[in-house]
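Enquirer: The listed protein sequences derive, respectively, from chains A and B. Counted from 1, the first sequence has number 15 at position 15 by the working numbering; the numbering is strictly sequential. Counted from 1, the second sequence has number 102 at position 102 by the working numbering; the numbering is strictly sequential.
Treat the hints as calculated values from the structure; they're not laboratory data. All of these numbers come straight from a predicted model, not from anything done at the bench. Backbone N, C-alpha and C define an ideal beta-carbon position, used for all residues, glycine too. Do not rely on the hints blindly, as some may be mistaken.
To be verified - With a Cα cut of at most 20 Å, we get these calculated SDA-like pairs of lysine to any residue:
1. B:Lys172 / B:Gly215
2. A:Lys214 / B:Thr105
3. A:Lys214 / B:Phe72
4. B:Lys120 / B:Gln51
5. A:Lys214 / B:Lys172
6. B:Lys154 / B:Trp9
7. A:Lys214 / B:Lys202
8. A:Lys138 / A:Ser128
9. B:Lys202 / B:Leu212
10. B:Lys202 / B:Leu180
11. A:Lys4 / B:Asp129
12. A:Lys214 / B:Glu73
13. A:Lys138 / A:Asp78
14. A:Lys214 / B:Arg76
15. A:Lys214 / B:Gln51
16. B:Lys154 / B:Glu73
17. A:Lys214 / B:Lys154
18. A:Lys214 / B:Arg104
19. B:Lys172 / B:Gln116
20. A:Lys4 / A:Leu314
Unchecked claim - Reference excerpt, derived from the structure (chain A facing chain B, CB under 8 Å, subset only):
21. Ala14
22. Glu24
23. Pro190
24. Ile196
25. Leu208
26. Asp211
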Amino acid sequence: MIAKLALAIFGGLALLCGLPLVVETYTLFNLTVFAAMAIFALSLGLVWGFSGILSLGQSVFFGLGAYAYAIAAINFSDSTPALVAALAAPTTLALLIGYFAFFGRVTDVYFGVISLTTSLILYSLVNSTSDQSFVIGKAPLGGYNGIPSVPPINWPFMPEWTLGFEDMYYLTGVLLLIVYVGLRLLLVSPFGRICIGVRESETRAELLGYDVRKYKLGMFCIGAAIAGLAGALFAAWGSFVGPDSFSVSFAAQAIIWVMFGGLGTLIGPIIGCVALQAITTWLGQVKIIDPNIVLGLIFIAAVLLLPQGIVPALQGLYRRFMPRRQGSGAA
Amino acid sequence: MILETRQLWCRFGGVAAVAGVDFQLEEGEVRCLIGANGAGKSTFFKMLTGQLRPTSGAISVMGRDVTRLAPFEIARLGVGVKMQVPALFDGITVRESLALGALRTLERRRVGDAVQAMLKQIQLEAEADVQVGLLSHGQRQWVELGMVLMADPKLVLLDEPAAGMTRGEVEKTIALIGRLRGRHTVVVVEHDMHFVGRIAEKVTVFHRGMVLAEGSMDTILRDSRVREVYLGRKAGGVRG
Numbered sequence: 001m002i003a004k005l006a007l008a009i010f011g012g013l014a015l016l017c018g019l020p021l022v023v024e025t026y027t028l029f030n031l032t033v034f035a036a037m038a039i040f041a042l043s044l045g046l047v048w049g050f051s052g053i054l055s056l057g058q059s060v061f062f063g064l065g066a067y068a069y070a071i072a073a074i075n076f077s078d079s080t081p082a083l084v085a086a087l088a089a090p091t092t093l094a095l096l097i098g099y100f101a102f103f104g105r106v107t108d109v110y111f112g113v114i115s116l117t118t119s120l121i122l123y124s125l126v127n128s129t130s131d132q133s134f135v136i137g138k139a140p141l142g143g144y145n146g147i148p149s150v151p152p153i154n155w156p157f158m159p160e161w162t163l164g165f166e167d168m169y170y171l172t173g174v175l176l177l178i179v180y181v182g183l184r185l186l187l188v189s190p191f192g193r194i195c196i197g198v199r200e201s202e203t204r205a206e207l208l209g210y211d212v213r214k215y216k217l218g219m220f221c222i223g224a225a226i227a228g229l230a231g232a233l234f235a236a237w238g239s240f241v242g243p244d245s246f247s248v249s250f251a252a253q254a255i256i257w258v259m260f261g262g263l264g265t266l267i268g269p270i271i272g273c274v275a276l277q278a279i280t281t282w283l284g285q286v287k288i289i290d291p292n293i294v295l296g297l298i299f300i301a302a303v304l305l306l307p308q309g310i311v312p313a314l315q316g317l318y319r320r321f322m323p324r325r326q327g328s329g330a331a
Numbered sequence: 001m002i003l004e005t006r007q008l009w010c011r012f013g014g015v016a017a018v019a020g021v022d023f024q025l026e027e028g029e030v031r032c033l034i035g036a037n038g039a040g041k042s043t044f045f046k047m048l049t050g051q052l053r054p055t056s057g058a059i060s061v062m063g064r065d066v067t068r069l070a071p072f073e074i075a076r077l078g079v080g081v082k083m084q085v086p087a088l089f090d091g092i093t094v095r096e097s098l099a100l101g102a103l104r105t106l107e108r109r110r111v112g113d114a115v116q117a118m119l120k121q122i123q124l125e126a127e128a129d130v131q132v133g134l135l136s137h138g139q140r141q142w143v144e145l146g147m148v149l150m151a152d153p154k155l156v157l158l159d160e161p162a163a164g165m166t167r168g169e170v171e172k173t174i175a176l177i178g179r180l181r182g183r184h185t186v187v188v189v190e191h192d193m194h195f196v197g198r199i200a201e202k203v204t205v206f207h208r209g210m211v212l213a214e215g216s217m218d219t220i221l222r223d224s225r226v227r228e229v230y231l232g233r234k235a236g237g238v239r240g
């Protein structure tokens, strides 16, 4: 476990430091947003893959994090409280939704519908705030136009020391690594192991004396906070946040990333997200075919040919040729 | 008294699945609940575990009223439950499943040793790192029993622990339950009279949601009412 983590950390850092030496500035710019989206994919991969909660509207927490960051950064002219707000706002909403859903014994399918409906409500709500009267402090919500000129991230409590695009690349990459390693550690902690048990059988977990509702709520809130962080990084990267952050199509993209990469793994959502984003970005540049069509075809092909995703398929191949142990864990 | 029910009722619409059951269990006993299909055993069992709320009446475990408690709260009082259809963590290994049985009650550093000891007890050392979903039916039943025992419960409730097992697997399960004697109080719901005859000190017979008879295996076998409604002509050849 320690060796694997060390490998992940050193490998990740080497990749992070090595890429700027070999790729162009534009690619680095794209990689930054890929990393932010990979953090978002991790949030869904965690709640869905490790506690069995299918959050169809996970984009709610991404959008809320992005908006909370933008509004707080504009009002405080400092990204430090804005980042705190970006974590706190989605976590609070997750606490509310999760409390009523899990303690109300809402079943999995209905929970998916509730989360999807929440994203639809927020999408419509934010879209309808284009009137100039919708202002929070100094920040106009902007409706379908979104909030432009979102301040960049600065050094903690030093608003004049803002991060340039290359700094943002390193920050986002390091945060992705921290979230990944943090989640690996979380999943081997008693809390994480019990959540995996809850995913496997809620009945058995409960009969062993675990309050399943609290574990699901805890994992859901952690996932929401991570999605909020991704939203804040996205808003700071593009200096813009719009209602599309809440959209169902964006939530569906995250589901595709996770399924394509591999549900029940941590590296899978990262690989799925980065690979599919790279493909769609490239297709957008060459303009041969609509990227959404290709994304759909890849998704169908993946579901039919690799239903468990790329990473579990590769793990299966590895076990086939190097049989060692048949247990499953977090990759 | 480790377990007691008083005038326990469970109605589904107009049908009373359990009809005013008074039941007492002394500490250290190995008790079997038998009865024909629809006699109310499983409903009674589910009420004891908190999976089903009684319509009326009371259940107390170790002197504490548990009638309205959730299954996890009952489990925390020291009650271990093995289901009729095994409820298992199919996607993880036997070792990890057993560890999850102990994480709540044991210090983290002691879990590994406890898991190793349990693997030996349920004779699944060779399968320790195999995913539970890949095991045979009998092995899965033992994993579930192992998980239940990892928390060292005072009261162990087993619903048809030998269901679907081969004769050899049944013998192994009998030996496993035999080793619980003296350390745990055990309630077993079972159909297999050969199995019941091998493990039970005392038997409670359910019929139409009520307790028809209670006593030692010999007493039950001699009871004409039991022979009429449950054992029938098989009664003579049930002792293993």
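Enquirer: Confirm or reject each hint.
Expert: Cross-check of the supplied hints:
1. B:Lys172 / B:Gly215: violated (26 Å)
2. A:Lys214 / B:Thr105: Between Lys214 of chain A and Thr105 of chain B the Cα gap is close to 18 Å, so the pair holds against 20 Å.
3. A:Lys214 / B:Phe72: holds (12 Å)
4. B:Lys120 / B:Gln51: violated (31 Å)
5. A:Lys214 / B:Lys172: Status violated; Cα separation ~37 Å.
6. B:Lys154 / B:Trp9: violated (25 Å)
7. A:Lys214 / B:Lys202: Given that 20 Å is the threshold and the Cα spacing comes to 40 Å, the pair is violated.
8. A:Lys138 / A:Ser128: The hint holds at about 18 Å.
9. B:Lys202 / B:Leu212: holds (14 Å)
10. B:Lys202 / B:Leu180: holds (15 Å)
11. A:Lys4 / B:Asp129: Holds. Lys4 of chain A to Asp129 of chain B sits at ~19 Å (cutoff 20 Å).
12. A:Lys214 / B:Glu73: holds (13 Å)
13. A:Lys138 / A:Asp78: Holds: Lys138 of chain A and Asp78 of chain A sit about 13 Å apart, inside 20 Å.
14. A:Lys214 / B:Arg76: Given pair Lys214 of chain A, Arg76 of chain B holds - Cα atoms ~15 Å apart, limit 20 Å.
15. A:Lys214 / B:Gln51: holds (18 Å)
16. B:Lys154 / B:Glu73: holds (14 Å)
17. A:Lys214 / B:Lys154: At roughly 25 Å apart (the allowed maximum being 20 Å), Lys154 of chain B and Lys214 of chain A break the hint.
18. A:Lys214 / B:Arg104: Cα-Cα ~14 Å, so holds.
19. B:Lys172 / B:Gln116: holds (19 Å)
20. A:Lys4 / A:Leu314: Given pair Lys4 of chain A, Leu314 of chain A holds - Cα atoms ~17 Å apart, limit 20 Å.
21. Ala14: Violated. Min distance 31 Å.
22. Glu24: violated (43 Å)
23. Pro190: At 5 Å from the nearest chain B Cβ, Pro190 of chain A passes the 8 Å test, so the hint holds.
24. Ile196: The hint holds - Ile196 of chain A has a Cβ within 8 Å of chain B, the shortest such distance being about 6 Å.
25. Leu208: holds (6 Å)
26. Asp211: holds (5 Å)
Consistency note: the structure conflicts with the earlier hints numbered 1, 4, 5, 6, 7, 17, 21 and 22.
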